Structures are given as C-alpha cells and as structure tokens.
Amino acid sequence: MSTPAAAPALEFGPILRAMKRNKVRFGLIVVEIALTLAIVANCVSMILDARREMARRSGFDDANLLSVRSTPFDPAFREDGYLDNSLRQDLEALRSVPGVRAATNTFFLPWQGGGSSTELRAAGTRGEWLRTQIYAVDEHGFDALGVPITAGRNFTAEDVETSAALFRELRRGPRPRGPDGLPARKVTQDVVITEAYGRLAFGGNGPFVGRMLEDNDGDFYRIIGTIDAFYNFYGWPIHEYAVFYASRSRSYESGAAFLVRVEPGQGEAAAKAVEQKLLAVNGGRDLRIRTITEIKGQFFGRKRLVASMMSGLVVLLVFVTSLGIVGLTSFSVAERTRQIGTRRALGARRIDILRHFLLENWMVTSLGLVMGVLLAYGLNVGLVSTVAGARMGWPLIAGGVTLLWLAGLAATFVPALRAARISPAVATRNV
Amino acid sequence: MFLYNLRIALLSLRRNSVLSSVIVGGIALGIAVATLFSTMRHVLAKDPLPGQSRALHYVRVDSWDPLKPYPGDDPTRPPTQITYQDMVSLMRSDIPARQSGMFKANLYVFPDPKIGRPTKQLTRLCFADFFPMFQVPFRYGGPWDRKADAGPEPVVVLSEELNDTAFGGVNSVGRTLRIEDRDFKVVGVLDRWRPPVKFYDVTQFAAQAPEAMYLPFNFLRPMRVQSVGNRDGWKSAPAPGLEGLLASESCWIQMWVELPTREKVEAYRSFVDAYVIEQKKTGRFPRPLNNRVTPMMAWLKEQKVVPNEINALTVVSLLFLAVCSLNLMGLLLGKFLARAPEIGVRRALGARRRDVFVQHVVECEVVGVIGGALGILLSLAGLAWMNSWVKTLLTRDDFFQLDLTMAVFAIFLSLLAGLVAGLYPAWRVCRVPPAVHLKLQ
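Residue numbers (numbering that gives the first Met the number 0), protein chains in the order written: chain X, 0 to 430; chain F, 0 to 440.
Do not rely on the hints blindly, as some may be mistaken.
[Claimed, not checked] Think about it this way: if two alpha-carbon atoms lie no more than 30 Å apart in a straight line, the pair counts; the simulated DSBU-like pairs of lysine-lysine are:
no., chain 1, residue 1, chain 2, residue 2
1, F, Lys119, X, Lys295
2, X, Lys295, F, Lys300
3, X, Lys302, F, Lys303
4, X, Lys276, F, Lys119
5, X, Lys295, F, Lys263
[What the hints assert, rightly or not] Part of the chain F face toward chain X, derived, beta carbon under 7 Å:
no., residue
6, Pro110
7, Ile114
8, Pro117
By construction, these hints were calculated from the structure, which means they are not laboratory data.
Please read all numbers here as calculations on a predicted model, not as lab measurements.
All C-beta atoms, glycine included, are put in the ideal place defined by N, C-alpha and C.
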C-alpha cells in the first residue's frame, strides 16, 4: 500500500472473497443487470428502427398537401360530359382559393399504406416482369406534389386530353384480340417514371428518357421524363418504384380525387375555403378533406405508440434496477456496520470506505454487463427471427453498457456515502 | 395459523414503510406493465368465436401468374382473395354447412331529408349464411333467408349505429331505406357488435370496426357495386367495366365455409382441388396446384393479426416483470436476513424451521397480492389511456378490455412473482442457526 494508485488493485482480493460468501445476493444483481442490459439494448434497437422508418422522406411537400375526395350522389354526375365539365370547374375553383399553389386531379394519395400497381419490363426484352406502383396524374401532378422533373419533360395539357380520349375509347368495349390472345392493336402511352424504377428496369443510371416499357398485353409506355424523389409505402416492396401516366381520374362510382398544395401554414384556412368552393360548384356530393400530415400520422400511429411505450419501459426498467442496487447496497452496508467501524478504527479513511463500496458495485455491475452483452445478442437473434426488427450494432451495446455503469455507480453512491460516515466508535460499542 | 402469519406479515410490512412501499411498488409496476401488454396482445390474439371458429375455414386457390408467385414474404402462399368466377363455382358445392363469398363497398345512404344529407356508408355484400356463420348478434329482426340471396331481394341489415342515425334507434324492421338508386327493406338491426378484430375480413387493417350495413351479394351486378377492399391482379381484364372485372383473374373476394367435421374438411379440400384441376383444362390456373382451406385461427395468425411489435412488447414486458421479481428477491433477502437475531430467538423458543419458512412465504405472498392488486389497477389506467389513443385512429373507445381470462392471468402472475421472489429468501432465513444470533444479543 505504498502508493495510493496501487490501493484499489489490492482491494480486489478481499472484495471478491466477500462476494463469494454472498453468492446469491450478488448473483441476483448480476442477473438483474444482465437482463436489464439485454432488454434495454433490444428496446432501444427497436425504437431506433421505428424512428428510422418514421423519418423516411416521401420526397413530396407532405407538410403542405391536402387530399380532397369528392363522391357524388347527384345523378347529374352519371353523365360523362357533366363529369368532365365539373372536374374542370372544380380545378378552377381549387386554384382560385387564396393560399393554394397547385391543384391536381389524381387518385394517388401518399402515406395511405398502398395504392395501385402493375407489372412492366423493358420493351423488346424477354426479361422478368417488374412490379411498380402506377398512377394517373394531370399536367399539374408533380407541381402539386412538389417533386422536380430530373430529366425530360412533364405532361402537357394536350397530353392529358389525348390520353383521356384514348382511355374513353378503350372503355367502350372489349379490345379485339389477335391469334396470340393479346389485343391486336397496341397502344403507346407517355409516362414519367421514378429513377429507381428506371434503374431496376434498364440497369445503370440512365438516361431513361426516350426508352420504352411494355406490359403483358403488349402495350407500350414511352418514358418522357423522370423524377427522383419518391417514396410511398406499399404492401409489397415497391416503395420507390412508380410510373405516372396522363389522364383524368373521375367516375360516378369512385368520384374524383385531388391533391392540393398550399402555402406553408395555410392548410387549415384553405381546407375550409376548398369545401365551400367545391360545394358551390355542385352540392350533390360528399367531400372528405384531410391533410397529408394527418394521413401520415395515422399511417405511423401504431409504430409511434409502440416506440413511445418501449421508451417508457426502458426508463422504468433502468429506474427499477437502480432501485434494486440501492436496496442491496443499503443492506450490505447495514450488515457490515461493525466491520466498517473496525476498518475506520484501524485507520481507513472515509474515501477508502466509499471506494470499497463503489469498487464492489463496479465489479458486480461489470460482471452483469458482460453476461448482459451475451444475453442481449441472444435476445436480439431470437426477436429478429421470431418477431421483427433489425440486428443491433455494437455502438448501441456500448451505449447501454455505459448507461448502466453510470446508473449502477449513481445508485451505489448514496448508501456508500452513508457507509463512509460510519464512525469508528461503532466498532468499540457492543450492540 | 394462517391468520397469525398474515398478521405478522402485515406488521412486518408496516415496520419499515419506505422499504415496504419500494417492495410493493416495484412488484406493482411489474404486474401493471406485464398485464397491460399481455392484455393488448390477448385482445388481438384471442379466439373471437369460441366453439364455432374451429368449423370456419377460409378458402384460397392459386390462380396467379404462371411466371411468378403471388407477391409477399412467403412465395408459397396463394393470393389472399379469390376471383369472382371461382367464388361462383365454389359456392355451388353442397359440402359446407354454410358458406359465403363477400367483399366491402362504400355506398350512399339517403336518409329522410329531414334527418340529414346522404352519407357514404361502409357496406358488406354477403350471403344469408354470413350472419349465423359468424354468430352476428341481432337486436331487431334477423338475417335474410337464402331465397333473398337468389333474387336478389332488396333487403338490408343495419348496424346499431346506422339504425341510430337513420331511424333514431327505433325498431326499423319493415321500414324502407334508400341505398344508391333503389329502396331496400330493413329485415334486421344488429345489436352492439364490436369485435376488436374484424375476424371475417383480415385482408386489410384487421382492427377496423364492422361495416354499417349488409346487402345480398348478388346486388353486385344490378347496382354495379365497386369493392373498396384490396384488388390484386396480374392479367388485364378481357373487357372493360364491371363485366370485364367479373370475368377477369382479379382477386378481390373473401370466401368462408363452415365445415363442422373433419370428414367435411377433407371432402371440401378434394372438391376444391378437383375444381381447379378441371379448370386447368380450360387454360386457367397455370401454377402448380396450391389450394388452401385454412381454419379461422390459423388464417388470423397467418395474416399477422397480432402485429410483430405487440408480440415484441409482450415479451419485453414479461422480462420486465422478471427483473422486478429478481429485484424483489434481493430486497426480501436483505430484509429477512436483517431479522436474523429475531428469528434466532423464535427458533430457540421452539419454532420449527417449517414455521419460519411458511411465515416468510406468507409474507412474500402478501407482498405479491398487494402489489398485484395495485398493478391491476395501474394496468386498468393504462388500458383506459390506450383506448383514448385508439379512439383517435379508429373512432371507437372500447378496444382494449381486461376480460376475465386476463384478470385471472394477472392474479396468477402476481402470486407467481411473489412466490418466485420469496422462496429463496424464506428458505435462507429458516436455516439461520439460532445459537450465533443469540450469542450476539
């Protein structure tokens, strides 16, 4: 004990021997800490997972988008000409609302957890069919979403007109089929695709403009432009793949849908004005107006709830474990009052007593943490294979270990201080 | 003797109130968390129709693309729904005791103009068997009969809520309700029916409330009803419009059959296979034979009605209780051993080891019971909070309920936690040698 620095090292022996005499009590703490680390690390891993997913950006101006769904009951809407007319009036009415930057007629609705999809492939190849989301938009579609065209061009009003006329014709009756069972006359539509789908279909980074896709009827899709920012969660793993074609989306049965992009902060006011204006065009319909923020909130509702409940559990767990450490150290101090008094009487300083308990606890905690790291990985493998979640990385474990080390030290501190204050006179007193 | 032990236990708890509240509070927290999350899981996972669910089977046939399997996690699974033409053919079987194809739509209801504007209502189109099959409770009237299916006769069954808004909650059986372009006669009004899981249709969000009204399936054609459920396709329709859809390979109908015996299940499976093999001759069903007649509970599990996150939370909450229990064990050990001198005296005065042991186990169980009771109260508060949250998503506030099973489970958990935590400390303390402590007195 010549140098103070060597002193802690020398205390290891007596502490270890003392612990051996109290195997169960210290064993309990070890197991508790190990379990705590395993649970905390896995919960935090799942929380981070959920947060990563919730932080996914769609690429659209989500915060300033309104979804407007109009479903008519007025029989006037059953007539095709009336539908087109009222659609035009609706769009004019929407654009005349103060604070509205753009309005488009489309059934595409971000963050609803799905949409529509089809299978295409690069034209003329015998390649695999590649599933993609597919939506109709008009010439204001990308403007309303707030998504820039990265190459090529957007649809024009004429594109929408021509395309809508083509679909009207196709709707009239069954298409005559050739000997191969496919429609005899092929159609070609202009489309704007996401770059991610371009890379999937053609390989490489483009350019994709001017290239052709085909579907399993033999119809063609000519790429006139691409967008980059696109993420819309789908039940199948095609979140980043999308193909847009020009058309009008309205019918008596499904009504019409619009996406409206407003100036920042104008959502509430615009929503009210939109309802009035549209009902003024024709009141014979039901209107449902929601912000995309609200729809996104619902989409992530369960995830957010689970994440916050897990966070609560982690806090409670660390608290309970710390409480356990406080309790056990207190008993340990109470039990050894006489020994501590004797040590103090024999010349041990207060700091030595404090250090003794802190060191003892640190050894127990560390042993628990070593076991905990193994348990944490075990639980993680179990959860990943049976439940869900991602494999957890070592920084997370390191964080958990540090947290519990600190919690353990903090929890020991109060009872250890009490031990340090025990007067040497206690040793000489008979109980 | 038990009452004496009980009194000793309560006295001992009162002696050190800080320590006692830490001990009881810790176990209460563990029980609350474990009960809360197990209940959430149980609400979603429990059998919605005990007794009946074993007979109910969900039917799928693999009519998908020859080139690739139906998309999803598991490539061996056939599409989750079936085509219209397959439903019509399968419904011709007389093997099932009851059967119904079905889908959901969103239809306009025109109430008396004095009452309000027309509103869109979620509607299920199904066959008469739907109601007895799923034991749907009626307040007024009852289901339509099979004759009305064939007509189809313009009859409708309303939910309690829609009957409230459209008819002010009175017995509306026999009254007329205008739906879209025609008049329907009300034949039945449902009693309050709020299963937490929409077990008869889990192809979409499983926690949705049941539909507002029910119409005979065969109004599909005359009313040109569009499904608002999932519609999966791989091949373009042979014609545009509704007729094209009905003749297409689009999968959008759910099909249930009631097969009360094992023999019927086997017979029905063979019937479905035979049908598909027959259809293969016409060039349909290009994929290998892969038909499923799945019992209800297996189908709900396959569709992950209990979300993975909830399973994870349940596992974590039970581990949390384990930590609380370990904690309790440590605290009790310390507490009991601090009492060693007292025990020494009692032992010296003739108390047997068993007496000391039983006395301490009783004390642990008292802690378990008090902690458990507090924990159950806490978990009820937690469930109420959860329900208020669910309300913002589902417009219903009675989603999570603590039922008898879970209450018993919670009591069992608290007794178990008390016992697990108490056995070792009680054993340790009863082995205290009397002499050592007497000497120190």
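Going through the hints against the structure:
no., hint, in the structure
1, F:Lys119 x X:Lys295, "holds, 23 Å"
2, X:Lys295 x F:Lys300, "holds, 27 Å"
3, X:Lys302 x F:Lys303, "holds, 15 Å"
4, X:Lys276 x F:Lys119, "holds, 21 Å"
5, X:Lys295 x F:Lys263, "violated, 46 Å"
6, Pro110, "violated, 12 Å"
7, Ile114, "violated, 15 Å"
8, Pro117, "holds, 5 Å"
Checked against the numbered hints above, the structure violates hints 5, 6, 7; every other hint is satisfied.
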